[in-house]
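We have chain A already, so just place chain B on it with the hints.
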Amino acid sequence: MNKVVASADDAIRDVGDGAVIMIGGFGLCGIPENLIRALVRKGSKNLTTISNNVGVDGLGNGLLLAAGQIVHHIGTYVGENKLLEQMVLAGKIKLDLVPQGTFAERIRAAGAGIPAFFTPTGVGTIVAEGKETREFEGLTYLMERGLPADFAFVKAWKGDRMGNLTYRKTARNFNPVMATAAKVTIAEVEHLVEAGELDADSIHTPSVYVKRIFRGELYERRIERRTVRRVGG
Amino acid sequence: MNTPGKDVDKRERIVRRIARELRDGFYVNLGIGMPTLIANHVPAGIEVVLQSENGMLGIGPYPVEGEEDADLINAGKETVSEMAGTSYFSSADSFAMIRGAHIDLSVLGAMEVDESGSLANWMIPGKMVKGMGGAMDLVAGARRVVVAMEHTTREGAPKILKKCTLPLTGVNVVDTIVTEMAYIRVTERGLVLEEVAPGLTAEDVQRATEARLVVSERWKVMGG
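First to last, the protein sequences are chains A and B.
Start counting the first sequence at 1; every next residue gets the next number (our numbering).
Start counting the second sequence at 1001; every next residue gets the next number (our numbering).
Hints are computed from structural coordinates only; laboratory data are not their basis.
A virtual CB, placed ideally from N, CA and C, is assigned to each residue, including glycine.
Be aware that one or more of the hints could be misleading.
Said to hold, decoys possible - Below, a list of computed lysine to any residue pairs in the SDA-like style, where the Cα atoms sit at most 20 angstroms apart:
1) A/Lys82 / B/Gly1156
2) A/Lys183 / A/Val208
3) B/Lys1127 / A/Asp96
4) B/Lys1162 / B/Glu1150
5) A/Lys158 / B/Leu1037
6) A/Lys82 / B/Gly1126
7) B/Lys1220 / B/Ala1208
8) A/Lys42 / A/Gly68
9) A/Lys169 / B/Pro1125
10) B/Lys1130 / A/Gly79
11) A/Lys94 / B/Ile1124
12) B/Lys1006 / B/Leu1037
13) B/Lys1220 / B/Thr1187
14) A/Lys169 / B/Glu1068
15) B/Lys1130 / A/Leu89
16) A/Lys94 / A/His72
17) A/Lys169 / A/His204
18) A/Lys183 / A/Arg145
19) A/Lys92 / B/Gly1126
20) A/Lys169 / B/Lys1127
21) A/Lys94 / A/Gly130
22) B/Lys1130 / A/Glu224
Claimed, not checked - One-sided and incomplete, this derived list gives chain B residues near chain A with beta-carbon spacing under 7 angstroms:
23) Arg1020
24) Glu1065
25) Met1136
26) Asp1137
Unchecked claim - Sample of chain B residues at the chain A side, in silico, Cβ under 7 angstroms:
27) Thr1079
28) Gly1133
29) Ala1208
Extracted from the complex, chain A is given alone in its bound form (with noise of 0.2 angstroms):
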């Protein structure tokens, strides 16, 4: 078994017009940006994503946005793109937020078997409109549905060769559920080892979630909102 690929270009090189494809991150922290700027020089149109964010004006997400390739956006916060605000009210994008405690559960359920299920979360707004409700021990649940996607792009701190992970701090975040979610899962990491090298009781995405993974060439690693505290401050 050998899930590595040569590039970015390589590990995304079936990926269609019309693709659904999952990309981890929250903000600019953990998102696959080689995976991103792959895609956006394939030029794959009509897409759907499927991300807690847009990126930024001209970074992560915001690259395919503006080369625009996405049709349909499905994420929970778009507050940092202005381009995307234009392309909505231009129709030129169709976008569905959901809370993100439903997102994330609805990719968790769809990569765990599970079709739908029940929240609290959105219950009497908006978000509830045509979905079904039931009511257990007295409290009113709405149903959410699974989240599935053709392709999930996720980015872990280091993996092996045969596609375990290991994410840093909080660029974890959306990155491990997606990669259960996607029919082809590719993983592009910053430290890529043998088998055997990465703590088997540390590994957060076992190997049979990853179809592909590879070394990423270019970690700009950007930062959104740099706070500092004074020294002794």
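Positioned in the frame of chain A, the structure of chain B alone reads:
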């Protein structure tokens, strides 16, 4: 009517008052903006653990310059640091923790709150929708929900209403409202005014509030 003090003073009063709600051993989620400042006022001698919905328990202070880490941010996308005992987890685990009522206290801002404890804080129709992020899950799942907000809009219009007019974030979810004017508890008999800011009367607070306030028999001056 005008509420007393400048914006900074108002916020300071709100933040300090909510900090006094913290108890030793609490796991707390602080919303983006004003609620985040509560972390600077944790009372001495108690230990609280701050949760960040992007997958962290144990948020520390902003890092010292030069130690910023792109892999270590809070839900406001600000660089932060670790505490002793910090842990990291996925977004799915993070919201299981929130939805599963393991978070003792959630503090967040609001554009409107009403007398049934419903709140609106994510969308103004006709303006660009930015998204609700984790707010709907937090209000649905946290054991206690405290709203931190200025009592009126910049134009002086009430934000505590009989019924919210904006699209809701949650229905009957708010436990306590803290503003620069008052500390108000949402109860089955309505909004109970428990504390009034120094220099104000209960009538002053009522005049700045659309919903009817029930003045507690034990009302007192709000401390910081």
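A quick look at each hint next to the structure:
1. A/Lys82 / B/Gly1156: violated (30 angstroms)
2. A/Lys183 / A/Val208: holds (12 angstroms)
3. B/Lys1127 / A/Asp96: Since the Cα atoms of B/Lys1127 and A/Asp96 sit roughly 16 angstroms apart, the hinted pair holds (cutoff 20 angstroms).
4. B/Lys1162 / B/Glu1150: Holds, at roughly 17 angstroms.
5. A/Lys158 / B/Leu1037: violated (35 angstroms)
6. A/Lys82 / B/Gly1126: holds (16 angstroms)
7. B/Lys1220 / B/Ala1208: OK: B/Lys1220 and B/Ala1208 at ~18 angstroms, within 20 angstroms.
8. A/Lys42 / A/Gly68: This hinted pair holds, its Cα atoms lying about 13 angstroms apart.
9. A/Lys169 / B/Pro1125: Measuring from Cα to Cα gives roughly 37 angstroms; hence the hint is violated.
10. B/Lys1130 / A/Gly79: holds (4 angstroms)
11. A/Lys94 / B/Ile1124: holds (19 angstroms)
12. B/Lys1006 / B/Leu1037: Satisfied, since the Cα-Cα distance of roughly 17 angstroms is no more than 20 angstroms.
13. B/Lys1220 / B/Thr1187: Roughly 18 angstroms between the alpha carbons, so the hint for B/Lys1220 and B/Thr1187 holds.
14. A/Lys169 / B/Glu1068: The given pair, whose Cα atoms are some 13 angstroms apart, holds under the 20 angstroms limit.
15. B/Lys1130 / A/Leu89: holds (13 angstroms)
16. A/Lys94 / A/His72: holds (4 angstroms)
17. A/Lys169 / A/His204: holds (12 angstroms)
18. A/Lys183 / A/Arg145: Measuring from Cα to Cα gives roughly 17 angstroms; hence the hint holds.
19. A/Lys92 / B/Gly1126: Measuring from Cα to Cα gives roughly 18 angstroms; hence the hint holds.
20. A/Lys169 / B/Lys1127: Violated, at roughly 35 angstroms.
21. A/Lys94 / A/Gly130: Holds, because 18 angstroms separates the two Cα atoms, which is no more than 20 angstroms.
22. B/Lys1130 / A/Glu224: holds (17 angstroms)
23. Arg1020: Where the cut-off is 7 angstroms and the nearest Cβ of chain A is about 23 angstroms from B/Arg1020, the hint is violated.
24. Glu1065: Check passed: Cβ of B/Glu1065 comes within 4 angstroms of chain A, closer than 7 angstroms.
25. Met1136: Since the shortest Cβ distance to chain A is 4 angstroms, the answer is holds.
26. Asp1137: For B/Asp1137, the interface hint holds, since the closest Cβ of chain A sits about 3 angstroms away, which is under 7 angstroms.
27. Thr1079: holds (5 angstroms)
28. Gly1133: This interface hint holds because 4 angstroms falls under the 7 angstroms limit.
29. Ala1208: violated (27 angstroms)
In the structure shown, a violation is registered for the earlier hints numbered 1, 5, 9, 20, 23, 29, in ascending order.
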